[in-house]
Amino acid sequence: MRADSFSTIDPDPFRQAVRQFVREKLPSDLRKTIARGQQPTPPQLMAWHERLAADGILVPHWPAGWGGRGWTVAQQLIFDEEMALGGAPELNSITFDMIGPVLMRFGSAAQQQRFLPAIASGKQWWCQGYSEPNAGSDLAALLTRAERDGDHYVLEGSKIWTSYAQYADWIFVLARTSRAGRPQEGISFFLVDMKTPGITVRPITGIHGWSVFCEVFFDKVRVPVQQLVGQENQGWTIAKSLLEFERLKLARIAENKRRMARVREIAVSRTRGGCRVADMPWFRARFADLVSRLMALEAHAGRFVARQAAGEQLGPEVSMLKMRGSRLIQLWEELMVDALGPEAMPLSPQWLAGLPDAPAQDDLAGTASSRRFLARGYTIAGGTSEIQHNIIAKQVLAL
Amino acid sequence: MHGQTTEPGIDAEMRQMLVDSARRWCERECTPAERARVSEHDDGCPPGRWLDLAQLGWVGLTLAQEFGGVGAGLPEQCLLLEQLGRGLLVEPYVASAALGAALLDRVAQGELREDWLPALAAGDRRVVWAAWEPDGDTHLREPSAMSEQQGSTWRLSGAKGLMSGVGGASGWLVAAQLREAAGQMGLFLLEAGADGVEIVRERLYDGRHAGKLSFDGALAILLRQGSTTDMLTLLNEVLDRGRVAHCAETLGTAQAAFDITLAYVRTRTQFGRALGHNQVIQHRLVDLYVQIQETWALCMHAASAATSRNVAALCLRTGQVARLAWEESLQLHGAIGMTEEYVLGEYVRRLALAADLYGNGPSHAEDLACLSLEIAP
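Order-wise, the sequence lines are chains A and B.
Residue numbers for the first sequence, in the working numbering: 1 to 399.
Residue numbers for the second sequence, in the working numbering: 1 to 377.
Hints are computed from structural coordinates only; laboratory data are not their basis.
Errors might be hidden in some of the hints.
[Said to hold, decoys possible] Far from chain A, by Cβ distances over 12 Å, these chain B residues were calculated:
no.: 1; residue: Gln109
no.: 2; residue: Leu275
no.: 3; residue: Ala313
no.: 4; residue: Arg317
no.: 5; residue: Gln320
[Unchecked claim] Pair by pair, the computed Cβ-Cβ distance ranges are:
no.: 6; chain 1: B; residue 1: Gln16; chain 2: A; residue 2: Leu314; range: 42 to 50 Å
no.: 7; chain 1: A; residue 1: Val268; chain 2: B; residue 2: Asp195; range: 21 to 29 Å
no.: 8; chain 1: A; residue 1: Gly382; chain 2: B; residue 2: Arg28; range: 26 to 34 Å
no.: 9; chain 1: B; residue 1: Asp287; chain 2: A; residue 2: Ile207; range: 40 to 48 Å
no.: 10; chain 1: B; residue 1: Arg268; chain 2: A; residue 2: Asp362; range: 39 to 47 Å
no.: 11; chain 1: B; residue 1: Ser39; chain 2: A; residue 2: Leu314; range: 49 to 57 Å
no.: 12; chain 1: A; residue 1: Ala35; chain 2: B; residue 2: Arg113; range: 35 to 43 Å
no.: 13; chain 1: A; residue 1: Arg327; chain 2: B; residue 2: His277; range: 51 to 59 Å
no.: 14; chain 1: B; residue 1: Ser39; chain 2: A; residue 2: Glu246; range: 49 to 57 Å
no.: 15; chain 1: A; residue 1: Asn134; chain 2: B; residue 2: Arg28; range: 51 to 59 Å
no.: 16; chain 1: A; residue 1: Arg327; chain 2: B; residue 2: Arg28; range: 37 to 45 Å
no.: 17; chain 1: A; residue 1: Glu24; chain 2: B; residue 2: Arg113; range: 29 to 37 Å
no.: 18; chain 1: B; residue 1: Pro362; chain 2: A; residue 2: Gly382; range: 30 to 38 Å
None of these values were measured; they are calculated from a predicted model.
Heads up, the beta-carbon is just placed ideally off N, CA and C, and yes, glycines get one too.
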């Protein structure tokens with residue numbers, strides 16, 4: 001593990017070190033993209049990943065043996081917060097928080113050697129092949145099949161809502177290897193190269209104008225048996241454990257703070273009828289309400305962090321953080337749109353796409369309407385809010 | 001909701017003892033019949049029971065040990081208050097111990113300090129800060145009451161608005177302008193029995209008691225004087241800590257209302273199954289549960305760092321949770337919740353009043369907006 005300005009465990013200097021890093025190292029083009037609320041391009045992101053990897057802070061929560069620093073959750077949360085407030089993009093949690101830790105826990109030595117260094121270097125991008133057209137919240141109903149054929153499994157079926165599959169190098173796929181027993185019992189977990197013959201990706205355009213998720217079709221895709229993770233039919237256990245990594249991050253404190261800062265910026269820079277939006281009673285009441293919700297969420301997350309740091313195993317009650325954090329993001333986005341008023345209404349596809357010749361739009365207003373719709377995904381992806389309610393009702397309240 | 005070890009103060013074991021003993025005491029001493037008896041008392045605070053609370057160490061919980069206190073902090077006081085809130089304590093603990101005694105502790109000097117603090121910790125005397133103006137505004141500002149110095153004594157004239165625990169107190173803390181010094185104000189101790197003091201007692205809708213003070217040329221002791229700005233800063237710091245205590249008590253009551261409702265939907269059967277099997281009931285209870293948990297976390301955070309911003313946010317959230325708790329628990333019970341005979345009604349009334357007791361939602365929201373908009377987050 002390297003000794004540098006990030007080595008301190010003292011929160012204040014640590015925070016300062018992260019803040020300084022973002023200020024100095026975030027490329028200006030990427031800073032501009034994020035300030036405008038646009039989607040960064042894959043080359044922009046890959047360059048940023050490599051930059052972070054060069055300083056050893058792309059996967060700081062990983063153990064030192066795999067290129068990490070073994071940061072605590074508290075350190076990660078500070079890191080995420082300073083990155084967000086400094087205008088850096090949110091990192092791809094599928095790659096860095098999910099598949100990496102899954103391979104550390106369930107992968108073979110060969111799989112670990114093959115993939116972990118590549119991920120830690122920032123050069124490999126993963127996507128998650130879970131949902132299917134008829135298996136959303138009810139994931140165990142998935143129908144994609146994997147049949148053994150010599151040294152290979154042959155994948156047949158399709159996945160949907162696969163985020164950024166059009167850019168990904170690899171995909172991890174849940175596929176059915178048996179029809180015996182409960183639906184959960186016949187599922188296996190595969191690592192699949194996106195360049196394998198038989199894979200077709202069809203990006204889906206969202207109501208926000210961006211293609212953030214895709215359909216992925218598997219037509220007799222041959223996957224070497226070495227790319228099965230764990231045992232055959234053990235995939236459900238692995239899939240579930242993946243949801244346990246970094247659950248505290250699902251409060252999305254940093255992403256909420258990024259939006260709070262943006263709302264404030266809008267409110268103090270706009271006037272209507274001669275009155276600053278920040279001085280309008282309706283705005284102040286709603287802003288304060290959301291600020292108080294964020295402060296409560298942060299305090300709540302803080303208690304979970306402390307419990308985890310004390311060695312406690314966190315239970316299903318962590319779902320509360322995901323439920324509240326994801327909804328709060330939507331409420332900030334709505335407040336932004338309302339504070340902008342008519343400014344948020346025009347649509348410029350060129351600006352949304354970040355095209356260099358797009359007619360200039362305002363940084364805060366140009367993508368606000370797209371972002372409000374994009375944000376609706378937060379309460380749907382990764383277990384809908386309704387599923388989170390069910391989990392808490394059943395497992396915490398014993399109803 | 002309790003039992004974490006992350007806040008400073010007394011150690012975890014002592015905290016747990018405090019919580020356990022408070023819970024046991026409430027189970028025994030805060031039964032509906034006992035509460036009704038306390039509410040029937042003229043001041044809603046029978047001296048014998050107040051002595052009991054003091055002997056348990058709770059009245060002087062945050063006072064120094066040299067005065068007979070425990071020397072604990074606001075986080076411990078919140079843990080205690082959560083239990084007292086669950087038990088729907090009628091006595092004005094927050095007004096007397098968390099606000100009155102805390103303010104006197106902050107300003108009293110010399111002999112008066114030596115005299116009053118041990119008496120407060122022992123439960124022999126009770127002091128209440130009559131903080132509000134007669135119009136009921138819960139923002140502290142330059143007081144309308146006026147003080148006049150005559151030789152070595154001070155005389156006060158004016159009035160204070162409705163405040164919990166005023167009736168039966170041994171003394172009241174009141175702020176007043178100084179007639180001879182514009183821009184200055186003083187904080188005074190007005191002792192019970194002083195000539196020229198009148199109390200209008202009110203029994204509140206939730207069974208607690210409160211009162212309005214008026215005084216005309218009443219003799220008072222000056223505790224502290226200073227510029228209006230400095231004095232308001234000091235008073236607001238104490239008020240903010242008292243508000244945190246009030247929120248802890250309110251959240252305890254909300255949690256109890258939630259628990260009663262959860263037990264009810266598990267056992268009440270309609271259409272051949274328990275109410276709690278219906279997803280709409282489950283989800284509404286989850287929403288309430290999560291908001292109580294979240295706000296409790298904020299309460300413990302604010303108890304460790306009672307900044308104006310933390311307190312404004314806490315009060316805003318607590319008011320909303322209190323409202324959600326009484327509305328939802330009542331609705332999810334159905335008609336039984338509307339009856340005086342059933343236990344829930346007391347919780348409903350307490351929560352409804354508590355939501356606005358030390359400042360209402362819009363006023364806390366405005367404070368929080370001020371503190372959050374003008375500085376970069």
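Now the hints, each set against the structure:
Every CB of chain A lies more than 12 Å from the CB of B/Gln109, the least distance being 36 Å, so the non-interface label holds. For B/Leu275, the non-interface assignment is contradicted: its Cβ lies about 9 Å from the closest Cβ of chain A, within the 12 Å cut-off. Its beta-carbon lying about 4 Å from the closest one in chain A, B/Ala313 breaks the requirement of being farther than 12 Å from that chain. Look at B/Arg317: its CB is around 5 Å from the nearest CB on chain A, not clear of 12 Å, so calling it non-interface is violated.
Not every Cβ of chain A is farther than 12 Å from the Cβ of B/Gln320; the closest lies at roughly 8 Å, contradicting the non-interface assignment. At about 21 Å, the CB distance of B/Gln16 to A/Leu314 disagrees with the hint of 42 to 50 Å. In this structure the hint that A/Val268 and B/Asp195 lie 21 to 29 Å apart at CB is violated, the actual value being about 55 Å. At roughly 47 Å, the beta-carbon separation of A/Gly382 and B/Arg28 lies outside the given 26 to 34 Å, and the hint is violated.
The hint said 40 to 48 Å for the Cβ distance between B/Asp287 and A/Ile207, and at roughly 27 Å that hint is violated. Evaluation of the 39 to 47 Å hint for B/Arg268 and A/Asp362 yields a failure: the beta carbon distance comes to about 55 Å. Checked against the hint of 49 to 57 Å, the pair B/Ser39 and A/Leu314 fails, with Cβ atoms roughly 43 Å apart. Range check, A/Ala35 to B/Arg113: Cβ separation about 57 Å, and the 35 to 43 Å hint is violated.
Between A/Arg327 and B/His277 the beta carbon distance is about 25 Å. The supplied range of 51 to 59 Å is therefore violated. Remark: the range hint 49 to 57 Å for B/Ser39 to A/Glu246 is upheld by a beta-carbon distance near 51 Å. In this structure the hint that A/Asn134 and B/Arg28 lie 51 to 59 Å apart at CB holds, the actual value being about 58 Å. Distance hint check for A/Arg327 and B/Arg28: the Cβ-Cβ separation is about 41 Å, which falls inside the suggested range of 37 to 45 Å.
As the Cβ distance of A/Glu24 to B/Arg113 is approximately 55 Å, the hint placing it in 29 to 37 Å is violated. For the pair B/Pro362 and A/Gly382, the supplied restraint of 30 to 38 Å holds, since their beta-carbon distance comes to about 35 Å.
Going down the numbered hints, you'll see the structure goes against 2, 3, 4, 5, 6, 7, 8, 9, 10, 11, 12, 13, 17, while the others check out.
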